[in-house]
Each structure stands twice: as structure tokens, then as C-alpha cells.
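Kindly produce the complete structure, drawing on both the sequences and the hints.
Chains S and Y supply the protein sequences, listed in that same order.
Under this note's numbering, the residues of the first sequence are numbered 1 to 110, in order.
Under this note's numbering, the residues of the second sequence are numbered 1 to 114, in order.
If you are wondering where the hints come from, they were derived from the structure by calculation, not from laboratory data.
From the three backbone atoms N, C-alpha and C, an ideal C-beta is built for every residue, glycine too.
Worth double-checking, as some hints may not be accurate.
[Claimed, not checked] Over 10 Å on every C-beta distance to chain Y, these chain S residues come out as not near it, computed from the model:
no.	residue
1	ASP16
2	MET55
3	ASP58
4	THR81
5	ASP92
6	LYS97
[What the hints assert, rightly or not] Here are the simulated EDC-like cross-link-like pairs (lysine to aspartate or glutamate), alpha carbons at most 16 Å apart as the crow flies:
no.	chain 1	residue 1	chain 2	residue 2
7	S	LYS70	S	ASP3
8	S	LYS97	Y	GLU44
9	Y	LYS41	S	ASP3
10	Y	LYS40	S	ASP54
11	S	LYS70	S	GLU5
12	Y	LYS40	Y	GLU67
13	S	LYS67	S	GLU14
14	Y	LYS41	Y	GLU84
15	S	LYS67	S	ASP26
16	Y	LYS36	Y	GLU56
17	Y	LYS19	Y	GLU67
18	S	LYS97	Y	GLU53
19	S	LYS70	S	ASP26
20	S	LYS67	S	ASP54
21	Y	LYS41	S	GLU5
22	S	LYS97	Y	GLU56
23	S	LYS68	S	ASP26
24	S	LYS70	S	ASP54
[Stated by the list, open to error] Simulated DEER-style distance windows between Cβ atoms:
no.	chain 1	residue 1	chain 2	residue 2	range
25	S	PHE9	Y	GLU44	18 to 24 Å
26	S	PHE50	Y	LEU51	23 to 29 Å
27	S	MET53	Y	GLY14	47 to 53 Å
28	S	LYS68	Y	SER62	40 to 46 Å
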Amino acid sequence: GEDVEQSLFLSVREGDSSVINCTYTDSSSTYLYWYKQEPGAGLQLLTYIFSNMDMKQDQRLTVLLNKKDKHLSLRIADTQTGDSAIYFCAEDGQRNKLIFGAGTRLAVHP
Amino acid sequence: ETGVTQTPRHLVMGMTNKKSLKCEQHLGHNAMYWYKQSAKKPLELMFVYSLEERVENNSVPSRFSPECPNSSHLFLHLHTLQPEDSALYLCASSQGDGGPSPLHFGNGTRLTVT
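Below is the structure:
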């Protein structure tokens, strides 16, 4: 079946890099996504990667994809307090629907 | 005008009430979704509409009734809910044209059933 797993919590110091990891099961996924959810808000699309790529960089964000191990990671460079949020990994499953992980809560402390 | 707008932002209702959640998207997308987000649980997909036709109904209880009158509007009609239905209800839309179809979410309606 389709399943996406993430660790639940990550705590980092302001200015350090954060790495959020995700594993998925559907090897036929074409795109993989990262979303951010701040308190009281919906999910905001951060970035996505096509499955035939192994890296994508977008300003402070770097996405790494290891398709063999079905492992996806999101690296946030120079993490700021405004990056504190819940980060969701998602893969595109069957019939036009995304499969989400449970989310990783990132806490940034001074 | 944001891409996906949900109203109301907050709703408190008793178990015998009838209410409706509204979602409107201004992105020209052709698919719309309802998700339920409860504390400590993954996002649960409830309904999917593609070109105004319901294509997914994930075993949702009949006390939740969706309506999609056109490609820009989506409703979720609620009646005789239970306290465990208290959650954040998120609407989303996507293009669904074969390329990347990221979902664009609204800010949700926080529902409390008393």
C-alpha cells in the first residue's frame, strides 16, 4: 500500500541547518512534495521534485531524493525562528490524490 | 484575493445543528478536495471532485455531505455531528492535467462540536 513516514519532532538552534527526513513506499510516484503549515493556517507548498531528479535547490531549501531507498529529505539552511512550523512530505499516489506523512514539527530556538 | 478561501474560519455547533462549510478557489483549477486534520493524526482525505464530479469518497460518514456546484466552489454540509468530528477541515484545489499537481490549500475551518 501507499505510506509516507516522517519523524515527529526536530529541534534546532537558530542559524544552524535543519534536515527533515521522509520515507515513502510507492515507487511509481512521479512527484514528491514538501509542505509547511504554520499555526492556524493551511498547508503551504514549499517545493516539489520530479522523481527522475536527485536534488533540487531553491534559495535556502535543498531537496534530496534517493529513489533506490525511497528516501526524501528537506534541508533548510540558516534556520530562522520563522521556519518554526510543521513540515509535511507527500507523494502523488493513485488517481489524482496526494499521500501525506504525519508531519514533522520543527522548533527553532535561540 | 488569496488562491483558496474558506469560510467560516471557526465554527462551533451542537450535535443537532446543521451547518455548511464553504470553499472557493480563484486559481482556475479543475479538482477540489476536502481533508480532515485532527490532532496527532495524519491528514485524512475525505472527498475529491474532478470537473465537478465526485471521484473519491473515502468511507466518510453520511453526516458529511459534499456539494460541488461548479469548478470554483465546494461545500461541505454537516448535520448531526459527533464530538469526535471536531477538527480542522481543509479545502484544496489542483490543476490535475498530468503534470505536477500540487495541492493549494485554504486556511481551513476549525470546527468544534459540542
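Comparing the hints with the structure gives:
1. A cut-off of 10 Å between C-beta atoms confirms that S:ASP16 is not in contact with chain Y; the least separation is 27 Å.
2. Against chain Y, the non-interface label of S:MET55 holds: every CB pair exceeds 10 Å, the least being about 17 Å.
3. Non-interface status of S:ASP58 relative to chain Y is upheld: no Cβ of that chain comes within 10 Å, the nearest being about 14 Å off.
4. Listed as outside the interface, S:THR81 is consistent with that label: its C-beta sits roughly 21 Å from the nearest C-beta of chain Y, beyond the 10 Å cut-off.
5. The Cβ of S:ASP92 sits about 7 Å from the closest Cβ of chain Y, inside the 10 Å cut-off, so the non-interface label is violated.
6. At the 10 Å boundary, the C-beta of S:LYS97 falls inside the reach of chain Y, the nearest C-beta of that chain being 6 Å off.
7. The suggested pairing of S:LYS70 with S:ASP3 holds, with an alpha-carbon distance near 11 Å, which does not exceed 16 Å.
8. Taken as a hint, the S:LYS97 and Y:GLU44 pair is honoured in the structure, with Cα atoms around 11 Å apart against an allowance of 16 Å.
9. Pair hint Y:LYS41 plus S:ASP3 holds up; C-alpha atoms about 14 Å apart against a cutoff of 16 Å.
10. Of the supplied pair hints, the one linking Y:LYS40 and S:ASP54 is violated, its CA atoms being roughly 31 Å apart against a limit of 16 Å.
11. Distance restraint check for S:LYS70 and S:GLU5: the Cα-Cα separation of roughly 11 Å lies within the 16 Å cut-off, and the hinted pair is therefore satisfied.
12. Distance hint between Y:LYS40 and Y:GLU67 is unfulfilled; the C-alpha atoms sit about 28 Å from each other, more than 16 Å.
13. For the proposed pair S:LYS67 and S:GLU14, the alpha carbon gap of about 31 Å is over 16 Å, so the pair is violated.
14. Restraint check for Y:LYS41 and Y:GLU84: the C-alpha separation of about 13 Å stays at or below 16 Å, so the hint holds.
15. Pair hint S:LYS67 plus S:ASP26 holds up; C-alpha atoms about 10 Å apart against a cutoff of 16 Å.
16. For the given pair, Y:LYS36 sits about 14 Å from Y:GLU56 by alpha-carbon distance, which is consistent with the 16 Å threshold.
17. Restraint check: the Cα-Cα separation between Y:LYS19 and Y:GLU67 comes to about 13 Å, which is no more than 16 Å; the hinted pair holds.
18. Restraint check for S:LYS97 and Y:GLU53: satisfied, since their Cα atoms lie roughly 15 Å apart, inside the 16 Å limit.
19. At roughly 8 Å between alpha-carbon atoms, S:LYS70 and S:ASP26 fall within 16 Å of each other, so this suggested pair holds.
20. About 8 Å separates the Cα atoms of S:LYS67 and S:ASP54, which keeps this hinted pair within 16 Å; it holds.
21. Between Y:LYS41 and S:GLU5, the direct Cα distance comes to roughly 12 Å. Compliance with the 16 Å bound is thereby established for this hinted pair.
22. Between S:LYS97 and Y:GLU56 the CA atoms are separated by roughly 9 Å; this keeps the pair inside 16 Å, and the hint holds.
23. As the CA atoms of S:LYS68 and S:ASP26 are separated by approximately 11 Å, the hinted pair is consistent with the 16 Å bound.
24. Distance hint between S:LYS70 and S:ASP54 is fulfilled; the C-alpha atoms sit about 11 Å from each other, no more than 16 Å.
25. Remark: the range hint 18 to 24 Å for S:PHE9 to Y:GLU44 is upheld by a beta-carbon distance near 21 Å.
26. Range check, S:PHE50 to Y:LEU51: Cβ separation about 25 Å, and the 23 to 29 Å hint holds.
27. With their beta carbons about 51 Å apart, S:MET53 and Y:GLY14 fall inside the hinted range of 47 to 53 Å.
28. Remark: the range hint 40 to 46 Å for S:LYS68 to Y:SER62 is upheld by a beta-carbon distance near 44 Å.
Taken one by one, the earlier hints fail for this structure at numbers 5, 6, 10, 12 and 13, listed in ascending order.
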